[in-house]
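Asks: The primary structure of each chain is shown beneath.
2 protein chains.
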Amino acid sequence: MTIINMTRLDSNAADFSTQLKARLAWDASEDLEIHQRVMAIIADVRNLGDDAVIEYTNRFDQCQFKKAAELELDKEVLQQAWNSLSAEKADALQTAANRIRAYAEEQKMQSWQYTEEDGTILGQQVTPLDKAGLYVPGGKAAYPSSVLMNAIPAKVAGVGELIMVVPTPQGESNPMVLAAAYLAGVDRVFTIGGAQAVAALAYGTKTIPAVDKIVGPGNIYVATAKKLVYGQVGIDMIAGPSEILVICDGETDPNWIAMDLFSQAEHDENAQAILIAEQDEFLDQVEQSINKLLPEMERAEIIKTSLTTRGAFIKVKDLDKAAEVANLIAPEHLELSVADPESLCRKIRNAGAIFMGRYTAEALGDYCAGPNHVLPTSSTARYSSPLGVYDFQKRSSLINCSAAGADRLARTASVLARGESLTAHARSAEYRIK
Amino acid sequence: MTIINMTRLDSNAADFSTQLKARLAWDASEDLEIHQRVMAIIADVRNLGDDAVIEYTNRFDQCQFKKAAELELDKEVLQQAWNSLSAEKADALQTAANRIRAYAEEQKMQSWQYTEEDGTILGQQVTPLDKAGLYVPGGKAAYPSSVLMNAIPAKVAGVGELIMVVPTPQGESNPMVLAAAYLAGVDRVFTIGGAQAVAALAYGTKTIPAVDKIVGPGNIYVATAKKLVYGQVGIDMIAGPSEILVICDGETDPNWIAMDLFSQAEHDENAQAILIAEQDEFLDQVEQSINKLLPEMERAEIIKTSLTTRGAFIKVKDLDKAAEVANLIAPEHLELSVADPESLCRKIRNAGAIFMGRYTAEALGDYCAGPNHVLPTSSTARYSSPLGVYDFQKRSSLINCSAAGADRLARTASVLARGESLTAHARSAEYRIK
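Protein chains in written order, with the numbering used here: chain A, 1 to 434; chain B, 1 to 434.
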């Protein structure tokens, strides 16, 4: 029975780029009402501090906190969550954490400097952030893997204090999320969420420390709050719906490809799964697999909506064209399910993460391969990068002039400063001429 | 004659942190009217393309462009600007460009990968942006040094096409700005500015190519437009007023320190210059120098307003305390005018650029030392970095699993995916178990 007819595009068609653009279009426009509500929450938290945080938390999360000290989870609660995990789950989390840490270590930026002939030293000093905040959603969308992916790079960077916030709707918390926080070495955990948690982390209250950067996923209120506090603190990206682009040479088991597409589509109705291949027959086979496997899936309805409204099959004349289309799409996840992924990979400029070869399912990277699963969405891979250790470090330029070096540089600076009519700049430089 | 009495703070005072906070406060709140006007300009450029760009350019810049092709400057115009420079100016620009390029080369990120025992390869592929846009202000605030500082890192990164926009109010252009664009290797130059230029670069028109990231300084309309197109394209930071913090051990010529403070204050009335020292006597001497030198300065009025309304002298008990205060302020520019800048530098965590030793005036770094003069302002050095080659590069994670590696990882991914009730993820992984 055919449940899903995949939308098909042909990269040779005259209107291909228009059609593709329409399929990729994602309306991320602001909701003015939400914007205003979030602004009010932020203002309240800035003005009233803990009292506002308690009030909003009790109202939105149906909790009964009476004083701010109750908002912090005791370290022993985290440890208990870890201790109570089944051996299978504990092992899996530990394996994932070890691999994420090993990869993160490779990303760590180092300070450097060099000395010029006249003794002048130039360089860059790399330091970790003093404090970082990690937002973790509560309820259904609570993913322990996200805790590891956000917290471990921060700890590897050497962040002084990593503060996690996670709401506990009706007082309920997810033990695996708390266990992951324990395993990742999160320093403090507060049971708050929503815009009020973001505001508290950005501006600080008596109980909740102000941080330098806030990372982690959240709903529209959280995303709006992050945008609004940006500048007061740093933020990571604002993520759109998750996407996968699979390029297949037609030699991978169609069931594998169908399930790889499902693994993206099951996230939510707006998730996007696209397959590129050279052969109509292979696209037909994958469509058959989709229709065969769909009824077995627990999230069949979500997958169906996602594939029907946002999915696509794109036919190309060869793999070079496939790479070109991939660079246009700039996908969050790119699977190269082909015989020679290395040479195809060299043609890819825009992608968050590249999963090379038939064995490398995106799901392996989502959990435990090592690289981060927080990736640029909505074509932003054209200019941004996966979350990494470097997001928790910053650089300071170093300039240390010798007397001879200053003399030399001052002569150049003087000419340029006077050319820009900035005479205090010029005179400050000229004082250093011998 | 005393013209300026510097505001003095004492880091030992009980209310020091409140006082300091008040002095640093900078209101960057949005102007709703400007916001709406800029939104309308962006909408027009998206809908009407070149026609809107021409209309706004003619209106705001008092120009008489008739067709879009006239907006582009011929390469020969740039070369002529370069050829017509005096030898002194050409030498100075060339020296600065060479040093900026040499430093930028050191910053370039490289791709890396490693192979695990089972043959699985993990890595990160670094690629340059396809296209970058560089905004350059026209008129008074036209700084050729800014063209070099923004354009050279982009070219060193290997950006495919670097497109500069610079308005020409009443048809006038700054030859030194065009010469700097020629020297830096800018690929195309359009004589447009304001929000309409930012919108054209973000969305593209028939004549002006859409870019992946827009960098460069501009007025409130430009800054607002950059904020609004962020997400469609990347942007660099939104800069606040420029600032300097000088830490002096009391042994530098007070005239030098006064002029270093002036070189920041002359930028504009909102610029901020702060001096930290241990001795009241030294602060007195610098104040005397300020009052002695001020009447000689061409921008005396601006300097006076800046120092009076936003400047400060801070007394500390020792240099350790000075470092602590510097980390709180997280200044854009930090001068360590002390005998042993190396050991003091190791205590600095938050600063855009650090100028070490008495000879290293900030002005040397502003023009030609090598490191970038585009730096994080308004305390954002707590979490962000100088503009650099890395801003024109992005990273893609690479995962290439061997059959054995996939088998191993799939077992872990399966457990974690089922723990998160994402069964398509689990099944996609399980297909790769042997």
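Check the hints yourself; a few may be wrong.
As the list claims (entries may be wrong) - Looking from chain B toward chain A, a few residues come up when the C-beta cut is under 7 Å (computed):
{"no.": "1", "residue": "C63"}
{"no.": "2", "residue": "Q64"}
{"no.": "3", "residue": "K66"}
{"no.": "4", "residue": "L73"}
{"no.": "5", "residue": "V77"}
{"no.": "6", "residue": "A339"}
{"no.": "7", "residue": "A351"}
{"no.": "8", "residue": "R395"}
{"no.": "9", "residue": "E420"}
{"no.": "10", "residue": "I433"}
To be verified - Derived coverage of chain B by chain A (criterion: at least 3 residues anywhere in the stretch with Cβ under 8 Å from a Cβ of chain A; other residues may be distant):
{"no.": "11", "stretch": "256–269"}
{"no.": "12", "stretch": "378–392"}
These aren't lab readings, by the way, just hints derived from the structure by calculation.
Cβ coordinates follow ideal geometry from the N, Cα and C atoms, glycine included.
Asks: Against each hint, give a clear statement of whether it holds in the structure.
Replies: Verification of the supplied hints:
{"no.": "1", "hint": "C63", "result": "violated (24 Å)"}
{"no.": "2", "hint": "Q64", "result": "violated (29 Å)"}
{"no.": "3", "hint": "K66", "result": "violated (30 Å)"}
{"no.": "4", "hint": "L73", "result": "violated (21 Å)"}
{"no.": "5", "hint": "V77", "result": "violated (19 Å)"}
{"no.": "6", "hint": "A339", "result": "violated (13 Å)"}
{"no.": "7", "hint": "A351", "result": "holds (5 Å)"}
{"no.": "8", "hint": "R395", "result": "holds (4 Å)"}
{"no.": "9", "hint": "E420", "result": "holds (5 Å)"}
{"no.": "10", "hint": "I433", "result": "violated (10 Å)"}
{"no.": "11", "hint": "256–269", "result": "holds (count 8)"}
{"no.": "12", "hint": "378–392", "result": "holds (count 9)"}
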